[in-house]
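**Student:** Single-letter residue listing:
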Amino acid sequence: MKYLALLYANLQRKRLRTTLTVASIVVAFLLFGILEAMRFALSGGAQIQGQDRLITINKISIIQNLPAAYENRIRSVPGVKVTNSQNWFGGVYQEDRNQLGTFAVESETFFEATPDLQLTDAEKKAWLADQTGALVGSDVAARFGWKVGQTIPMRSNIFTRPDGSNIWEMKICGIYTIRNGDNTGVYFHYKYFNEGLNSMFGKDHIGMVVLRVADPARSDEIARNVDALFANSTTETKTTTEQAFIQGFANQMGNIGAIITVVVTAVFFTMLLVTANSMAQSIRERTNEIAVMKTLGFSAPTIVSLILCESLLITVIGGGLGLLLANAAVTGVPAGVKQYFPTLAISPQSYLVAALIIVTLGVISAVLPCYQAGRLKIVDALRKA
Amino acid sequence: MSNWIAQVFAITWMSIRNIPQRLAPSIVAAVGVAGVVLVLVGVLSMREGFRAVLNQSGADDIAIVMRSGSTDEMGSNIDQSQTKIVEDAAGIQRDDKGPVSSPELYVVVDVPMRSVGTSANVPLRGVGPRAAELRQHFRITEGRTFRPGTFEVIVGRGASLQFAGLEVGRQLRWGNTQWQVVGIFDDGGSMAESEIWTDASVLQGAYNRGSSFQSQRVRLSSVDALQSFRDALSKDPRLSMRVLTERRYYEEKSEALVNLVTIAGGSIGVLMGLGAIFGALNTMYSAVSSRTREIATLRALGFGASPVIVSVLAEAMLLAAAGGIVGGVLAYIGFNGIRASTMNGFNQMTFAFAVTPQLLLQGILYALLLGFVGGLLPSLRAARLGITEGLREL
Numbered sequence: 001m002k003y004l005a006l007l008y009a010n011l012q013r014k015r016l017r018t019t020l021t022v023a024s025i026v027v028a029f030l031l032f033g034i035l036e037a038m039r040f041a042l043s044g045g046a047q048i049q050g051q052d053r054l055i056t057i058n059k060i061s062i063i064q065n066l067p068a069a070y071e072n073r074i075r076s077v078p079g080v081k082v083t084n085s086q087n088w089f090g091g092v093y094q095e096d097r098n099q100l101g102t103f104a105v106e107s108e109t110f111f112e113a114t115p116d117l118q119l120t121d122a123e124k125k126a127w128l129a130d131q132t133g134a135l136v137g138s139d140v141a142a143r144f145g146w147k148v149g150q151t152i153p154m155r156s157n158i159f160t161r162p163d164g165s166n167i168w169e170m171k172i173c174g175i176y177t178i179r180n181g182d183n184t185g186v187y188f189h190y191k192y193f194n195e196g197l198n199s200m201f202g203k204d205h206i207g208m209v210v211l212r213v214a215d216p217a218r219s220d221e222i223a224r225n226v227d228a229l230f231a232n233s234t235t236e237t238k239t240t241t242e243q244a245f246i247q248g249f250a251n252q253m254g255n256i257g258a259i260i261t262v263v264v265t266a267v268f269f270t271m272l273l274v275t276a277n278s279m280a281q282s283i284r285e286r287t288n289e290i291a292v293m294k295t296l297g298f299s300a301p302t303i304v305s306l307i308l309c310e311s312l313l314i315t316v317i318g319g320g321l322g323l324l325l326a327n328a329a330v331t332g333v334p335a336g337v338k339q340y341f342p343t344l345a346i347s348p349q350s351y352l353v354a355a356l357i358i359v360t361l362g363v364i365s366a367v368l369p370c371y372q373a374g375r376l377k378i379v380d381a382l383r384k385a
Numbered sequence: 001m002s003n004w005i006a007q008v009f010a011i012t013w014m015s016i017r018n019i020p021q022r023l024a025p026s027i028v029a030a031v032g033v034a035g036v037v038l039v040l041v042g043v044l045s046m047r048e049g050f051r052a053v054l055n056q057s058g059a060d061d062i063a064i065v066m067r068s069g070s071t072d073e074m075g076s077n078i079d080q081s082q083t084k085i086v087e088d089a090a091g092i093q094r095d096d097k098g099p100v101s102s103p104e105l106y107v108v109v110d111v112p113m114r115s116v117g118t119s120a121n122v123p124l125r126g127v128g129p130r131a132a133e134l135r136q137h138f139r140i141t142e143g144r145t146f147r148p149g150t151f152e153v154i155v156g157r158g159a160s161l162q163f164a165g166l167e168v169g170r171q172l173r174w175g176n177t178q179w180q181v182v183g184i185f186d187d188g189g190s191m192a193e194s195e196i197w198t199d200a201s202v203l204q205g206a207y208n209r210g211s212s213f214q215s216q217r218v219r220l221s222s223v224d225a226l227q228s229f230r231d232a233l234s235k236d237p238r239l240s241m242r243v244l245t246e247r248r249y250y251e252e253k254s255e256a257l258v259n260l261v262t263i264a265g266g267s268i269g270v271l272m273g274l275g276a277i278f279g280a281l282n283t284m285y286s287a288v289s290s291r292t293r294e295i296a297t298l299r300a301l302g303f304g305a306s307p308v309i310v311s312v313l314a315e316a317m318l319l320a321a322a323g324g325i326v327g328g329v330l331a332y333i334g335f336n337g338i339r340a341s342t343m344n345g346f347n348q349m350t351f352a353f354a355v356t357p358q359l360l361l362q363g364i365l366y367a368l369l370l371g372f373v374g375g376l377l378p379s380l381r382a383a384r385l386g387i388t389e390g391l392r393e394l
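Residue numbers (the numbering used here), protein chains in the order written: chain A, 1 to 385; chain B, 1 to 394.
Quick caveat, the hints were computed from the structure, so don't treat them as lab data. If you're wondering where the values come from, they're calculated on a predicted model, not measured in any experiment. Yeah, the Cβ is synthetic: ideal placement off N, Cα and C, and Gly gets one too. Careful, some of the hints might be misleading.
[Said to hold, decoys possible] For each label pair, taking beta carbons as the anchor points, the in silico distance ranges come out as: (1) B:6 x A:296: 48 to 54 Å; (2) A:204 x B:88: 56 to 62 Å; (3) B:238 x A:221: 23 to 29 Å; (4) B:5 x A:305: 41 to 47 Å.
[To be verified] Reference excerpt, derived from the structure (chain A facing chain B, CB under 8 Å, subset only): (5) 61; (6) 96; (7) 253; (8) 262; (9) 297; (10) 300.
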């Protein structure tokens with residue numbers, strides 16, 4: 001404690017240099033935070049998704065559908081608690097580029113299958129009662145200024161109605177949020193979809209089945225049993241955990257994760273050099289002061305720990321500020337960016353990694369100056385002046 | 001004036017010769033800039049890679065016909081009778097084999113990625129007999145083309161490199177059908193190279209699509225024929241179609257991806273640049289302060305303030321340029337030509353990172369800018385140093 005004043009004085013010695021060093025660390029951690037959030041978003045927030053959910057799709061590919069009757073057969077598999085069918089609708093709002101994640105879902109089981117969706121009971125009730133009702137995510141509602149009770153002309157870039165029109169009116173019955181999740185979806189009634197469909201599209205087909213299992217430990221076994229039901233039929237299925245499904249989807253983004261890693265590494269290597277260099281510089285300038293301190297009876301370990309503290313102080317301040325800024329940047333992104341990264345957030349793991357880097361950076365930067373200071377011979381140092 | 005130039009040269013040359021004495025901080029500044037240029041050029045080379053694919057894919061004299069309201073081929077639907085009506089429309093080029101047109105079916109199949117082993121949405125396109133004529137650089141590079149009416153496929157070069165099991169002679173199983181890869185094709189790096197092709201009528205059967213297609217490509221009689229072709233289709237009550245040139249189609253389809261990479265690359269570049277400027281400022285301030293006595297001596301000898309400013313700036317920009325060149329070279333070695341694939345819309349698109357000369361030039365110019373900004377304030381401080389105090393400094 002008694003050395004605090006000394007630490008403070010040392011940092012004040014060349015205020016400009018301290019500021020610049022801290023500033024470059026701030027930038028490094030700001031970037032780190034943003035990139036980590038991006039990586040997290042690109043992996044679909046896979047880590048936080050429910051462990052007890054499986055997804056069954058057509059084995060050939062996700063764009064091929066399944067007969068609607070499959071849902072009941074899947075529900076009969078022992079260990080399956082609830083099933084819910086979901087259909088990709090190809091929703092477009094106003095302009096072609098506003099493509100929304102719109103799904104026609106089986107309404108009775110929808111809430112049971114997606115317990116992480118936060119809605120009031122009144123909203124749930126209103127949606128169940130209205131066949132043209134839709135539940136929309138808070139982010140997409142904010143993006144287009146949608147209000148509960150409003151009817152929106154949702155367009156499908158795939159499905160038409162019997163009259164050939166591709167506009168499907170939907171009444172917004174509720175605005176949902178998923179904590180740290182994707183709040184850009186639109187969910188409406190499968191019944192409305194199936195009954196209103198132009199006959200050129202096959203009726204009674206579903207895109208995928210979401211199932212929840214009682215015991216997540218048995219997920220793999222249940223997935224195999226589901227697929228075995230349809231093996232060698234004309235439409236075979238592929239069942240995976242939701243986590244694996246999202247991860248597989250994220251993998252399709254390709255090498256972007258690897259690119260982010262390269263960037264982060266390059267940033268930190270650079271920052272390490274900058275801080276290490278400025279620490280080394282500030283110690284070099286103080287050679288004869290350190291000699292005086294040694295003469296006065298400061299032990300080598302005390303001096304070394306002072307240098308270490310000074311270095312850590314710089315990295316902790318810089319890193320902390322950088323992460324704060326990153327968090328502000330990530331939470332404050334405009335809706336336009338949010339559509340690319342629905343689940344933008346810095347995960348606890350990323351904070352942990354950042355903390356480790358802060359400490360490592362501080363320690364490594366202090367190593368060389370500490371080594372020099374520890375070895376310093378008083379007479380030599382005093383003579384240098 | 002010539003005296004001024006001589007002074008600038010003398011001081012700059014002196015400070016450059018002195019760099020070895022301040023080697024560590026100088027290297028730090030240069031490495032900082034190198035890191036920025038490496039990352040900026042690296043990320044933007046991905047965008048250049050997309051652009052190259054788009055440029056190869058998008059012809060102005062080829063039109064794509066889809067059902068109106070569709071944003072891409074996958075969501076579109078055209079039945080066979082409609083494709084015939086389209087073929088009779090004005091504006092289509094005709095030769096002795098009839099209109100140059102190819103009705104196509106576009107689905108997606110799961111194929112494992114070589115890199116991670118999980119499956120990816122690879123486009124499987126059923127094409128008409130004239131499809132190859134509607135691609136600018138189409139040629140078979142290995143094996144042969146598929147025989148119509150059989151479960152044979154040919155695979156684009158990009159897809160063959162990125163996804164597992166797409167080599168000539170391999171068997172593939174999608175659903176209940178067994179397919180045989182009989183050839184690899186090249187199309188000058190276009191979007192088609194990310195696809196697998198087969199006979200449209202075979203694909204219709206395998207996917208229960210009856211006689212329906214999803215899109216129709218036609219060659220226009222000239223680039224200007226688009227409007228008359230579009231008008232001809234819109235006048236026909238049996239049709240409700242959306243017509244756009246292939247170039248426009250692919251631009252629209254890839255807009256989001258290109259924007260994303262540009263925004264991401266640009267903001268990372270700006271932020272890292274800021275960090276590098278702080279590093280360069282630090283280096284140059286300490287360079288100036290370590291040379292206080294030297295600068296004061298020069299001033300006492302009659303050297304002006306502006307040559308001192310220029311020399312500090314020159315040193316900073318030289319370091320930055322060195323860093324920029326190193327970063328650019330590293331980016332070229334590390335990224336250029338690397339093949340990758342990513343999700344574009346709903347399906348995979350393969351591309352090669354392209355570190356173009358323009359991109360390298362931009363990187364080096366950016367480095368010089370960083371050096372200039374990083375050197376400016378320290379150079380002004382150097383010029384303002386008091387001569388007497390400076391001479392007294394240690």
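**Student:** Would you mind marking each hint as holding or not holding in the structure?
**Tutor:** Taking the hints in turn, this is what the structure says about them:
no., hint, in the structure
1, B:6 x A:296: 48 to 54 Å, "holds (52 Å)"
2, A:204 x B:88: 56 to 62 Å, "violated (37 Å)"
3, B:238 x A:221: 23 to 29 Å, "violated (54 Å)"
4, B:5 x A:305: 41 to 47 Å, "violated (53 Å)"
5, 61, "holds (5 Å)"
6, 96, "holds (5 Å)"
7, 253, "holds (5 Å)"
8, 262, "holds (7 Å)"
9, 297, "violated (27 Å)"
10, 300, "violated (24 Å)"
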